[in-house]
Amino acid sequence: TKFNTNATGLIKAVATGSNSISNLVVDGFLVEKGSLRPTFIFASQIDGFTLSNSGLYGSNALSSYTDCVKFDTGADYGVKGNVLVENNIFKDYGQYILWFRLIGTGSYEITNNQFINCGQTAGSHGAVTFASYASDATNIEINFHHNILDDSYMMFRADAWSNATASNLTMKCNYNKVS
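Residue 39 is where the sequence shown starts when you use the working numbering, and the numbers rise one by one after that.
Since the hints were made in silico from the structure, they are not lab data.
Some clues are possibly wrong.
Each computed DSS-like pair below joins lysine-lysine, with the alpha-carbon atoms no more than 25 Å apart [claimed, not checked]:
1) Lys50 x Lys129
2) Lys210 x Lys129
3) Lys210 x Lys71
4) Lys129 x Lys71
5) Lys50 x Lys71
With these hints in hand, go ahead and build the complete structure from the sequences.
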């Protein structure tokens, strides 16, 4: 698939009200480099997510603020449950590569990925950004390990936005390589 338009989500999965989308799985997907502003996945109120074995190539123009995967705020949360992002290549994304907003209770495993030429030095765009926690969030475990960042800006970012208090929050960032 190649982006030919400014997309707010090649894959868009947005639940409304008290609804949720369970176990969204994307495996073995290839997105070729385009010249416009692609967002590969735009989602909210996702309960369980897997992105694996995919090659996601953004825009040649990093100044176009390209996001790759964006979990935005739904009525209650962006994403929760078991989240696994493994064995992917992310290349040429200028803004948020993996952006988790309003996260809920769960396990977040980001492992064995490559981030190549990602992020802008003018912004605060990490390979992985966790921003804010759902009001009922408890027992959150985030593991970011065995990833490679090559010519990329900021590896890991955790923000405390609104609803920033989460009980039993554990973040581990180990065995990554930056070059």
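query: For this structure, which hints from the list above don't hold up?
result: 3
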